[in-house]
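When we follow this note's numbering, the leftmost residue of the sequence shown carries the number 1, and every step to the right adds one.
No wet-lab data here; the hints were simulated from the structure. Computed from a predicted model, the values in this text were never measured in an experiment. Hints may contain errors.
Subject to a maximum C-alpha distance of 25 Å in a straight line, what follows is the list of computed DSS-like cross-link-like pairs (lysine-lysine) [stated by the list, open to error]:
(1) 49 / 94
(2) 115 / 104
(3) 49 / 85
(4) 41 / 94
(5) 89 / 104
(6) 94 / 43
(7) 90 / 49
(8) 104 / 94
Taking CB as the label site, the calculated pair distances span [said to hold, decoys possible]:
(9) 116 / 64: 36 to 46 Å
(10) 14 / 66: 18 to 28 Å
(11) 13 / 96: 27 to 37 Å
Ideal Cβ positions, reconstructed from N, Cα and C, are used throughout, including at glycine.
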Amino acid sequence: MQGVPFTEAVMANELPANCHTPAITEYDGTTDPQERLSHFKNKDNEPLKEYLQRFNIAALEVFSATQEVKTNAFSQGLLDEDFFKSLAKKLVSKFDALLARATKYINMENDQVAKEESRGEKKKEVKEETPFKKAPNGVAG
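Between the sequences and the hints, there should be enough to build the whole structure, so can you do that?
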């Protein structure tokens, strides 16, 4: 499978000094797909959406991976305890079903972030307001 080349603008940029390319070679189809996909783990503080995107790219390279293999590998690489517990409580064997559930959790994550940002803005507004106006003689009015 040929990858899509990056645009010249992307390729012209240098990688940050702390960026390290993972030591995972291109999948050639001769090894166990479960073993290949088991190398993909959810990174610390990585949102579920980003992990899912990375995993999907890797899974596309592994043509022989069954739905069950993809589901197991994805689940074992998860760090999101809430989503992992949800999958453990109500098992899924099809990767498509896992994707549907993951989408719900991703939407929930997005809603939580928006809610927290909204709360932060409201707190900031309250702090900026002064409860009393001072009269010219220094007495609160």
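The hints, checked one at a time:
For a cut-off of 25 Å, the pair hint linking residue 49 to residue 94 stands: about 19 Å separates their Cα positions. Distance hint between residue 115 and residue 104 is fulfilled; the C-alpha atoms sit about 16 Å from each other, no more than 25 Å. Restraint check: the Cα-Cα separation between residue 49 and residue 85 comes to about 17 Å, which is no more than 25 Å; the hinted pair holds. A threshold of 25 Å between alpha carbons decides the hint, and for residue 41 with residue 94 the separation of about 19 Å falls inside it, so the pair holds.
Among the hinted pairs, residue 89 with residue 104 is consistent with the structure: their alpha-carbon atoms are about 16 Å apart, no more than 25 Å. As the CA atoms of residue 94 and residue 43 are separated by approximately 23 Å, the hinted pair is consistent with the 25 Å bound. Between residue 90 and residue 49 the alpha-carbon distance is near 20 Å, which keeps this suggested pair within the 25 Å criterion. The straight-line distance between the Cα atoms of residue 104 and residue 94 is roughly 16 Å, inside the 25 Å bound, and the hint therefore holds.
Remark: the range hint 36 to 46 Å for residue 116 to residue 64 is upheld by a beta-carbon distance near 42 Å. Under the hint 18 to 28 Å, the C-beta atoms of residue 14 and residue 66, about 40 Å apart, miss the expected range. With their beta carbons about 36 Å apart, residue 13 and residue 96 fall inside the hinted range of 27 to 37 Å.
Figure legend: structure checked against the earlier numbered hints; the only hint not met is number 10.
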